[in-house]
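Respectively, the protein sequence lines represent chains A and B.
For the first sequence, the residue numbers in the working numbering are 8 to 342.
For the second sequence, the residue numbers in the working numbering are 212 to 558.
Everything labelled a hint here was simulated from the structure, so no lab data went into it.
Here the structure is a predicted model, which is why all the values come from computation and not from measurement.
For glycine and all other residues, C-beta sits at the position ideal for the given N, C-alpha and C.
Check before you lean on any hint, since a few could be wrong.
[Stated by the list, open to error] Below, simulated SDA-like cross-link-like pairs (lysine to any residue); rule was C-alpha separation at most 20 Å, straight line:
#1 B:Lys298 x B:Lys272
#2 B:Lys468 x B:Ser552
#3 B:Lys299 x A:Gly192
#4 A:Lys55 x B:Glu554
#5 A:Lys37 x A:Gly192
#6 A:Lys14 x A:Asp93
#7 B:Lys272 x A:Asn30
#8 B:Lys468 x A:Gly141
#9 A:Lys55 x B:Lys299
#10 B:Lys299 x A:Phe143
#11 B:Lys299 x A:Gln62
#12 A:Lys36 x A:Val265
[Stated by the list, open to error] Computed footprint of chain B on chain A, listed as stretches where at least three residues anywhere in the stretch have a Cβ under 8 Å from a Cβ of chain B:
#13 89-100
#14 209-217
#15 259-272
#16 275-288
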Amino acid sequence: MDELIIKTTNLTKSYGPHVALDNLNLAVKKGATGLLGPNGAGKSTFLKTILGLIQATEGEGTVLGHDIRTEGDAIRARIGYMPEYDALNPDMDAIHQVRYSGELLGMNPTIALARAHESLQYVGIGEQRYRNIGSFSTGMKQATKLACALIHDPELIIADEPSNGLDAKAREFMIQTLTTTVQSGNRSVLMASHLMDDVERVCDNIVLLHKGKLAAQGAIEDLKAIDREIEIHVWGGATRLEQALHADGLTVRREGRVMRIAHTGEDTSTRILRCAAETGAQVRRMHEYEASLEDLFLVIMENLGYDVKSSEDLLASPALARKVDAPAHMGGGGA
Amino acid sequence: MTEEPPLGQDAPPVQFDAAAPVTGQGRMDAAWGSTAGDEDLSTPVANTPAASGEIFSQEYKPWNGELNPRWMRNWAILRHHLLGIFKKGHRPWGMPTRLFILVVFIASLSNAGLTLISGLIGESTLHQLWGVSRDNLYGHVLGFFPRNVLYYPIIAALLVGSVISEDRQHGTSALYFSRPITRFDYVGMKFISVAVIQSIIVLLSLTLYYFAEIIALGRGWAWIMDTFPLFLAAFLSGVMLVFTYTSIGLALSSVSKGKFFPGIGLLSIVLGTKVLAVLVSTLFDREILYLLSPYDCMAHVGQTLIGTQPTYDQYSWTWSLASVIAMNAIALYTLSARVSSMEVTRE
């Protein structure tokens, strides 16, 4: 059985009448896990609750075996938190900022300094460590925040939007660093991000929150099974074929000559070819379409009643996220 | 032992392994370059060209050390703020603040220096003016001009200006609260840090002043027994002064995101209420507004503690004490409420 690093049972957090977390039953395994959800889904409340910074209204939970209600200090000593927003003093140089973050955990100043050098080297800051943070680029600031989180070699790193605002090169390096931390360092990462590609590259598992409730959790590969499709490229008679496929009870998404048909069983390919033969359409290419996390996210959100074309539409728009409610059959008030 | 060949005879030729014949090619290559490229157009290149010129190997290094307990974390906060006054690598206090602390510390020692001089040259007039006495001890801590106009409130304003507000401004509150540091420890250590720096100026200079008198004039036990209660009363008044300026200043710092507002706010409260009370007192002969002035309330209590002639005679000193306590209570409540609302996830 996989070791669980975070486990919650019926975790509920209310602010007066507003329920921020609603009966959350989570089981996060060791390794890299993505925390997804639109604005207002309860990600920040969830993070604060598992850090032991706010008390849950109901339910219970453990992080690394520590009770979130009574052992917040012990949890925060064993995790490394990388905040989304600036959390560095621009008038300090990176090496001393990271050393201070270690001292705040209770590290001896000499040891903290040695570890600060190692951590900054690891995140690629190198000799720039003696520069004032105020002169750093966004990527260097993000890397310094990660070094602050890694200084005491925590078992779990909580990274809140680690690649936010980074250029392509810095983003690639951040993703690589997190991946190395999980694979070589054998550490766990809980990564909250709006960038599906990044989550998919770093994480094996995801947790998707929606309006304080758990919308989905599990291994990305397993979850992708709910969105298996067969992609075909058609030459001639595309509309006739689409109609035939619909008539045969298949779900079709079409963009010009390319169609994606939902995988309903082992005979799906046969049914597609039969429809093509009947309508006289040429199927020039046919293969199983491997869904991305973006696709998966959209499918889940579609089930929840959102009408969006990309995760960015939803995640970058708190207004839309608030406006659209989950459908009644999923416990919401209707879209 | 090998026999040397006789002189005049040729030495036997050196034998080389047939697998590695000596052709002289190496020397030819060294002199004229290799033969690579003679017959074709290929260019000799290094076998393993560097990809980008970067020498960087990312390697995760584990750490198996033990984290120290709560007192060490609190000490780290205190140390960070205190050592920042003197050296790089800790809290970066601004250069004007550091310079002003130095200037004010030296200025605060003016009475100690003049006491020493009076002892050295035996000038009694100088000693009467500057030597340790009930009024001079009061004046060292609670004298209005220059100490509570130019020295102590400005020092307090410079110190408290950004101590908490910078954590809101830069988001560094997340650095504290995502670690096992409670809000009580956070605010407590910041409070003590600022209070200690002020105490160095107010209380250390008072102590040095008192000891300067003992040393310069060779005071004996009888004098010490006689004046020590006065010194203690002045010391206690100094503690009250430092505590009150710190609590009001940090409360202002906690409601702000910049360092200008808390600094100016503290000076306005200390000096503005004083000016207002003086105006009302002068124009209408009513001293009641002094109860709104932190400085006047502390001065009234200090005068009673030290036993100097009171300058506030329309109401009891206990009213002033109650006012000081109320001001501190309001300031500490504001401070704790604002620090409780500081966020980890976003500010």
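Status of each hint after checking the structure:
no.	hint	in the structure
1	B:Lys298 x B:Lys272	30 Å, violated
2	B:Lys468 x B:Ser552	13 Å, holds
3	B:Lys299 x A:Gly192	33 Å, violated
4	A:Lys55 x B:Glu554	9 Å, holds
5	A:Lys37 x A:Gly192	12 Å, holds
6	A:Lys14 x A:Asp93	29 Å, violated
7	B:Lys272 x A:Asn30	39 Å, violated
8	B:Lys468 x A:Gly141	17 Å, holds
9	A:Lys55 x B:Lys299	33 Å, violated
10	B:Lys299 x A:Phe143	19 Å, holds
11	B:Lys299 x A:Gln62	39 Å, violated
12	A:Lys36 x A:Val265	38 Å, violated
13	89-100	holds (count 11)
14	209-217	violated (count 0)
15	259-272	violated (count 0)
16	275-288	violated (count 0)
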